[in-house]
Amino acid sequence: MLVRMSRRIGLTALLLFGSLVGAVAQTTEPQSPPAAKTILVAPPTQWTSDMLSFRPALSQTTTDFAALTGGIVFGMVATDVNAQLAEPTPGLNWSTMPLAGEFPEDVRYFWTRLEGSQQLAAGITGCAGANSYVVFLFRGRGLFRMSYRLVADAQCPNLAQTATDLMARYVQIGRELALSVHYRAGRVEVVDITDPSAGYLIPMRWQARGR
Amino acid sequence: MVARAFLFLSLCLLAYGAKAGPVPFDLNLALPPVVEDSLKPPHCTIAYLMADIGMNDTYAARMRITPDENARISRGKYPCPTTVPPRIGARALDTCTARSANPKTCVYIDMSRGFETDPELRNTSENASRCASDISSHIGMACWKAGGFDVCNSACGDSPQDAIAQAVQRCAEKHGKLCTITASLPVLPP
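Going down the list, the protein sequences come from chains A and B.
Note that the working numbering has the first sequence beginning at 1, numbered continuously upward.
Note that the working numbering has the second sequence beginning at 1, numbered continuously upward.
Since the hints were derived computationally from the structure, they do not count as laboratory data.
Think about it this way: if two alpha-carbon atoms lie no more than 25 Å apart in a straight line, the pair counts; the simulated DSS-like pairs of lysine-lysine are: (1) A:Lys37 - B:Lys174; (2) B:Lys174 - B:Lys104; (3) B:Lys145 - B:Lys177; (4) B:Lys104 - B:Lys145; (5) B:Lys40 - B:Lys77; (6) A:Lys37 - B:Lys145; (7) A:Lys37 - B:Lys177; (8) B:Lys104 - A:Lys37; (9) B:Lys145 - B:Lys174.
Predicted, not measured: the structure shown is a model, and the values here were computed from it.
Looking at chain B on its own, in the form it has when it is part of the complex (with noise of 0.2 Å):
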């Protein structure tokens, strides 16, 4: 009787102290990983622009670039390599290109001075057609009428306003034009 008494104890005394020890520091079991996913700053985008001047579309493809695991967080974003390879503009480039019935009337949007006359790839510049998330929040364009398409630049800016405002004084300067016809997108997606 006693010994079954004392076995009772000891066990009650052994739950006890099973509840009582101390929780491990990084199970962190008051927040789900879901929340905690969805605290993490998004992933470095960046967002071009194309045109398909002969049906008169322009396309955005987002590209998201997955963090080295050395990557530093600054101001709540991960940063956007400094290089980006020809490769991924080809890609982007493809949104378009897999989109028209004569891929060889799609060009990145920023176009040069005379695109109107001597309308080709070589004749806009990739880099140009591109904003990074870590920089701006807003990519924009801004256009004049050339006959049957739109020759265009961009720009990239703080706010859809600010996107379109460089991107109508680039197009200005550019073409020496009034570029009204316009659109910004945000570079990260909604």
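Here chain A stands alone, though its shape is the one from the complex (with noise of 0.2 Å):
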């Protein structure tokens, strides 16, 4: 009796021995600094009453996509699209533009600078990095991409939170009219925003050369 009675008094000063170094840990941790998180807020869905099927429960149209890019849509040649730019590539015509050479068909591409857009760059809360820019990509049927390029720079070290801040803007529109993806390319991050209809071309991705 005694014995288990020394074994249990020793077990709870354990535990109490343990629970007190974990304690001491948490408080001597290194811990994060307060900071508020970006929640990327898709469309709502709509279910039906038995939960079977859904539909999008927002009916939106390639003008709340345009409202968003400066009258931007899928499909725009890309001197319509040049035209709409805050700074226009001046001469710009299919026959000049640049092969993107990630996509296994003839896609071309033009780009300009994100700091030259006001409304390509709305939505962005912190610095865009002065060598970011925005890329657009056409194939013969017209615009089927848009694709965000952050380059870090000594002022602006780190750009994930700027990429938040553009897909919080995009993630609003549903699926069927634009498909916004982030990932990392070398120290680049990349927002495209891509047209659904654009099939295989869909997945995709740009690989930073030299980075």
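Starting from two chains that each stand alone, build the complex the way the hints lay out.
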């Protein structure tokens, strides 16, 4: 009986010591500073009462998408997209546009500085990086992807929150209208906004070369 | 002449009768249909939180459920189903997987103890990552930074502060950490 009691006391002491050590470890460990996390909110989904099928709860149109891009929509030809920009590329035409090598078909592109376009940079709360840019990718039938490339520099060493800000803006648009994807290519934060009717080109990603 | 006057008077009486007749009670003409709809409570909504631990992004999905025709409104709210089929949670997770370059990095936001060493979907809880509009007004989350991504828990509450406070407590109990990275979201869409 005495042996059992002493064992029990020993065990209790061990547990108390363990929790004390745990508490000390908890208070001495470096903690993350208080921060507010951004939640990327997708448009709601409406389910039937039997919860067997669903549809988008909001009826969004290309006008909703155009409101985010300053009038740019999928299917536009390069010259029309260029005309919508605050800093248009002079003399732009299909034959002089470079080929986007990451795609197995004739995909061409041009780009604009992110800093030069208030509309495309809308929603960004911090700095965006002086060398960051937006690439517009086209195939024969028109624009199918806008790709934000956020390049860090000494003034903006971490652009993860900037990418999240951009995602927060585009995630509001349903997947039926625009597919937004956030990934990293080397040290570049990338946010791709793709036409959902682009078929097999949708999962193709950009790889930063020599970065 | 007399016949014409009689006919005229008869028509006047008929017209007056039509005007004075009772309005059918169920037409509810004073209330336009749009106003009537806006007075109805919103459908049950289940809000989910998910994380893309590859990019350290947090996603929210709101699932609205059409009320059953026999559903009874209680305290100004439609009731939510007591059992939520897994397909609704799976569809919520799609909100993240469709936007991630690596869908395997998408998990539910409520993560189990030790998630930082074994960051897999199976170590997250679908039912602890959602809140229903008939019970709570907000879903909250609280996290601590484990290297490249945040390890989080979530909770439901009656205000943003309440939801966050409960998530902070849950995170502290689960992981033994001070969970200082927080956020909240109304369960119902604005």
